[in-house]
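Number of protein chains: 2
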Amino acid sequence: MPLPRQVFIAVIGAGGVGKAFLAQLSHLASNLSRSPGAPTYLSLILLSTSKKSVYHSDYKSLSNWEAELQNSTTPPLPLPQLADYLVKAPGKVVLVDNTSNQDVADSYPPFLKKGISIVTPNKKAFSSTYQLWTDIFSGAANGTGTGGYVFHESSVGAGLPVISTLKDLVETGDDVRKIEGVFSGTMSFLFNSFQPVSGGGGKFSAEVKTAKEKGFTEPDPRDDLNGLDVARKLTILARLVGLKIESPTSFPVQSLIPKELESCSSGDEFLSRLPEFDNEMEELKADAEKEGKVVRFVGSVDVPKGEVKVGLEKFDKSHPIAALKGSDNIIAFYTKRYGDNPLIIQGAGAGGEVTAMGVTSDLIKVVRLLQ
Amino acid sequence: MPLPRQVFIAVIGAGGVGKAFLAQLSHLASNLSRSPGAPTYLSLILLSTSKKSVYHSDYKSLSNWEAELQNSTTPPLPLPQLADYLVKAPGKVVLVDNTSNQDVADSYPPFLKKGISIVTPNKKAFSSTYQLWTDIFSGAANGTGTGGYVFHESSVGAGLPVISTLKDLVETGDDVRKIEGVFSGTMSFLFNSFQPVSGGGGKFSAEVKTAKEKGFTEPDPRDDLNGLDVARKLTILARLVGLKIESPTSFPVQSLIPKELESCSSGDEFLSRLPEFDNEMEELKADAEKEGKVVRFVGSVDVPKGEVKVGLEKFDKSHPIAALKGSDNIIAFYTKRYGDNPLIIQGAGAGGEVTAMGVTSDLIKVVRLLQ
Chain A
1 MPLPRQVFIA VIGAGGVGKA FLAQLSHLAS NLSRSPGAPT YLSLILLSTS
51 KKSVYHSDYK SLSNWEAELQ NSTTPPLPLP QLADYLVKAP GKVVLVDNTS
101 NQDVADSYPP FLKKGISIVT PNKKAFSSTY QLWTDIFSGA ANGTGTGGYV
151 FHESSVGAGL PVISTLKDLV ETGDDVRKIE GVFSGTMSFL FNSFQPVSGG
201 GGKFSAEVKT AKEKGFTEPD PRDDLNGLDV ARKLTILARL VGLKIESPTS
251 FPVQSLIPKE LESCSSGDEF LSRLPEFDNE MEELKADAEK EGKVVRFVGS
301 VDVPKGEVKV GLEKFDKSHP IAALKGSDNI IAFYTKRYGD NPLIIQGAGA
351 GGEVTAMGVT SDLIKVVRLL Q
Chain B
1 MPLPRQVFIA VIGAGGVGKA FLAQLSHLAS NLSRSPGAPT YLSLILLSTS
51 KKSVYHSDYK SLSNWEAELQ NSTTPPLPLP QLADYLVKAP GKVVLVDNTS
101 NQDVADSYPP FLKKGISIVT PNKKAFSSTY QLWTDIFSGA ANGTGTGGYV
151 FHESSVGAGL PVISTLKDLV ETGDDVRKIE GVFSGTMSFL FNSFQPVSGG
201 GGKFSAEVKT AKEKGFTEPD PRDDLNGLDV ARKLTILARL VGLKIESPTS
251 FPVQSLIPKE LESCSSGDEF LSRLPEFDNE MEELKADAEK EGKVVRFVGS
301 VDVPKGEVKV GLEKFDKSHP IAALKGSDNI IAFYTKRYGD NPLIIQGAGA
351 GGEVTAMGVT SDLIKVVRLL Q
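Residue numbers (full-length UniProt numbering), protein chains in the order written: chain A, 1 to 371; chain B, 1 to 371.
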């Protein structure tokens, strides 16, 4: 593609996703600079964590970000100053937000209005108040504004092409009727192990423990079991099909944290008491089994009814949602064009590498649009 | 998005895909013209079939293409004159090729070099000689050239996001190891009915007849059964991951036309004699059944080995390829990042509406890039 000579990149966050993204950025920058038609130079001009940051007042590229960050004693720039710094860069700027920070998300509207583009897996920007959603897309060039571009493929299903596919369906005029799926790697693993299609499976509390040990849960598993992460993803998808969802708590979300354990003071206390509720879960399993079904934790959007919900549902053993493996996500789009057999996307929906992949492919799209 | 004020569209082909595309174009044009930020006007300036065409020397938009085409007595423009006409349009031009014509495909390189962009489901452009592939992408702005853009999502799996996903995997630096799937709606229907996972199923020749009656085959079913359509799709995917595949006949492709019937003079003669070979197909079915498997017609690319092949394979009944329904396609990408559980895309891979959807979403991408 005939690309711009230089695009400046600023990255916030250097955790699992951030590190994987920086590795992919380095691969991408090398490829784009060697593009025979019109080489493009991606310059990493800022890298910031919650504790420190590294950048140069003359916008010189960071040559060795790992060492520079490690040796840095510079605190992160407050967000307004960050915007000022980026807006004065001698070229187009893309801010890559690899955090899940609400404050950073809240600052997207002013960044976008200043012409700074944003790519991010940060769900909070798109699933908090409807006002924030409106403010973001009324400023963005790919909304109704004239500022920077904003892309967030990895905010649902990590690198799986969920958001781009839904946008394509809507923009080409298909009639999206229902979206249904398993949107959490943790919930996928838990229920695929708790009640495999082939029968058997462990006690629910034991599977939660295993998932935590395997690193499939947040440090405190309650952050997965409360359903909020899934509710945020459904909020994003529902808004993309045009529903005005006020917040991820404005529709029914089933929490898997028993009422009696809501007051536990720590994740460890919660885990130690969770076995008290295994009998309830075993009953659910047995009820489903009687109907030849299995229990799964799903989210769905019923578009004509304007209904969004998140919680446990029973599925026939031959249903693609029942047959899911490991910690995979699955997303089914039921539309007028696709008829009875939905368009299905399936695969790993969490993890640093695949989440970063969604961010990097968004960056490629923005760089091409900025030409 | 801040879009260009006007983009000129020329469409070749007004069959099933062409008609569905024109309906989607009208919906899209209406939406883009009402875009609050920067309205864009898509002007349909030419529509051509193999028999006649309609266009105006002053590039006036076709106001009512159906009536204008019906009343037209103008023959189609020869391709060089078509290029001359389009290149003199007072703005950027996108040629939408909704044919499966080799001559039109062969003319892409000069069109692209003249700055005309192309969107198309025409497999022949990307699956004929490797020289044509090289000529196309050495001229295109999204290849190594500086001409128009070329997008062809619907050349594999119709509107399913197969090509865009594969490009994202490759461009973000994932290591694609294997691509495997069912790439033909006809073959999907035939084998899902011939040997359902639940057992039973009809004789092969009877299923071919049913498929033809339901409109799931080409007018002459031999055009599906020879495997060439699937071979063309595999050629495209293999080239996208960097393999230099000379042509769709340069790797093993299993034809389901028995040797003895290759000389049949008509599709009808072929269909009437096909039952003579039902016993052979029943043996295949029984052999698979003995192993608890089913037979499916698949294509695969083994990237490290550089091997492409198309033909019958046996799959465990629990494999996603075995569980496919109706005439759906399924495509699995095995990559380093996705590990043992591939990224899977599944859904209708044929039909006017969904094929046109891929073309329309490509057009949206090009219009944005042309801004």
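Treat the hints loosely; a few may be bogus.
The list cannot tell twin chains apart, which means a pair is met if one copy fits it or any two copies do.
List time: in silico BS3-like cross-link candidates among lysine-lysine, alpha-carbon distance up to 25 Å [said to hold, decoys possible]: (1) Lys336 - Lys214; (2) Lys290 - Lys317; (3) Lys309 - Lys259; (4) Lys325 - Lys336; (5) Lys19 - Lys167; (6) Lys244 - Lys51; (7) Lys325 - Lys314; (8) Lys309 - Lys336; (9) Lys19 - Lys336; (10) Lys317 - Lys88; (11) Lys92 - Lys60; (12) Lys336 - Lys212; (13) Lys317 - Lys305; (14) Lys214 - Lys114; (15) Lys203 - Lys167; (16) Lys317 - Lys52; (17) Lys113 - Lys309; (18) Lys114 - Lys209; (19) Lys285 - Lys114; (20) Lys244 - Lys203; (21) Lys336 - Lys88; (22) Lys325 - Lys178; (23) Lys305 - Lys285.
By construction, these hints were calculated from the structure, which means they are not laboratory data.
key: Hints that the structure is at odds with (numbers, increasing)   = The structure conflicts with hints 6, 10, 13, 14, 15, 16, 17, 18, 19, 20, 21, 23, although it agrees with all the remaining ones.
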